[in-house]
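Asker: Sequence:
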Amino acid sequence: MFNNKSILITGGTGSFGKRFVSYLLKNYQPQKLIIYSRDELKQFEMQQVFDAPCMRYFIGDVRDKERMISAMRDVDFVIHAAALKQVPAAEYNPNECIKTNINGAQNVIDAAIAANVSRVIALSTDKAANPVNLYGATKLASDKLFVAANNMSGAKGPRFSVVRYGNVVGSRGSVVPFYRSLMEQGKSNLPVTHAEMTRFWITLDEGVEFVVKNFHRMQGGEIFVPKIPSVAILDLVESMSGTREHEIVGIRPGEKLHEVMVPEEMAHHSLEFDDHYVITPAIVFFEKNIDFKCNKLGETGKPVEDKFEYHSGTNPHFLSVEELRKLDSTTD
Numbered sequence: 001m002f003n004n005k006s007i008l009i010t011g012g013t014g015s016f017g018k019r020f021v022s023y024l025l026k027n028y029q030p031q032k033l034i035i036y037s038r039d040e041l042k043q044f045e046m047q048q049v050f051d052a053p054c055m056r057y058f059i060g061d062v063r064d065k066e067r068m069i070s071a072m073r074d075v076d077f078v079i080h081a082a083a084l085k086q087v088p089a090a091e092y093n094p095n096e097c098i099k100t101n102i103n104g105a106q107n108v109i110d111a112a113i114a115a116n117v118s119r120v121i122a123l124s125t126d127k128a129a130n131p132v133n134l135y136g137a138t139k140l141a142s143d144k145l146f147v148a149a150n151n152m153s154g155a156k157g158p159r160f161s162v163v164r165y166g167n168v169v170g171s172r173g174s175v176v177p178f179y180r181s182l183m184e185q186g187k188s189n190l191p192v193t194h195a196e197m198t199r200f201w202i203t204l205d206e207g208v209e210f211v212v213k214n215f216h217r218m219q220g221g222e223i224f225v226p227k228i229p230s231v232a233i234l235d236l237v238e239s240m241s242g243t244r245e246h247e248i249v250g251i252r253p254g255e256k257l258h259e260v261m262v263p264e265e266m267a268h269h270s271l272e273f274d275d276h277y278v279i280t281p282a283i284v285f286f287e288k289n290i291d292f293k294c295n296k297l298g299e300t301g302k303p304v305e306d307k308f309e310y311h312s313g314t315n316p317h318f319l320s321v322e323e324l325r326k327l328d329s330t331t332d
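Mapping to the numbering used here: the sequence shown position 326 is 326, numbers consecutive.
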């Protein structure tokens, strides 16, 4: 799908963008692979690693629609990964989060339609399901914008879908590198916000492969949710430090005890496939007869049960301490 095509990644200097670029360069021969981001230092550092002839680096902000339109000229596929993601920072700087995560999302949509790209996938988060913090609320709004964009683009315009998943192991700002740093400093009791906290867990490689596969699956308007394990915070502490000793520091502003990826309220719009769920659009599109039960790869899904909820605390699959150790040993 990506051979001889042009792909643009917003926020491309982040953890996902770098791993996605590595995957594409290894498995495909893209015509152009465009990194769109606002930090010239991070772009310079990324250029030292990824300097293939197809690579392009655009300085720009998703808040700047005109720049986005210029960057998307002749682009086939877009991955929208740019966002302000720190939960406490969003609580203290709400308008800045709104400008990037909501207004920026609309700019990506408008630019994609103006440039007549083929397909767009926006990266979302479990925090967008039943949000209790501003970051989650902005990502829910972004998800809604990308789903509704399929109406704006019409029958022959770009198709837009969303990928929603949980905590990414080892990504910038996640708890694993934070704990590693503390242990390197000699700290024995790792900080824990709440002893009963759980999270969905996915590796960067799994996230990248899920996004790539959904470019093949998508019809437009789906929210794709992978079936992934959960992690109990004290199991994570034990897997890294060898003991469950910890220091309770309290839940941060806007933080949840557990996360949800498919809310119960969306069960009647949700389908279960072998390795993922799909939340189908609540609105009718340009094409009234889209059968979301059968995707573009020919995979078939079935409606979930009434009152179904995909919840990190009740997830049937939890990683054990030993599984976490093995995962940690293979994660950058």
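Errors might be hidden in some of the hints.
Computed list of lysine-lysine pairs in DSS-like fashion (alpha-carbon distance at most 30 Å, straight line) [unchecked claim]:
1) Lys293 <-> Lys156
2) Lys26 <-> Lys144
3) Lys99 <-> Lys26
4) Lys65 <-> Lys213
5) Lys213 <-> Lys32
6) Lys213 <-> Lys144
7) Lys65 <-> Lys156
Because the hints were derived from the structure by calculation, they are not lab data.
Asker: None of the hints should be skipped; say for each whether it holds.
Answerer: Structure-based check of each hint:
{"no.": "1", "hint": "Lys293 <-> Lys156", "result": "22 Å, holds"}
{"no.": "2", "hint": "Lys26 <-> Lys144", "result": "33 Å, violated"}
{"no.": "3", "hint": "Lys99 <-> Lys26", "result": "35 Å, violated"}
{"no.": "4", "hint": "Lys65 <-> Lys213", "result": "28 Å, holds"}
{"no.": "5", "hint": "Lys213 <-> Lys32", "result": "20 Å, holds"}
{"no.": "6", "hint": "Lys213 <-> Lys144", "result": "22 Å, holds"}
{"no.": "7", "hint": "Lys65 <-> Lys156", "result": "22 Å, holds"}
In the structure shown, a violation is registered for the earlier hints numbered 2 and 3, in ascending order.
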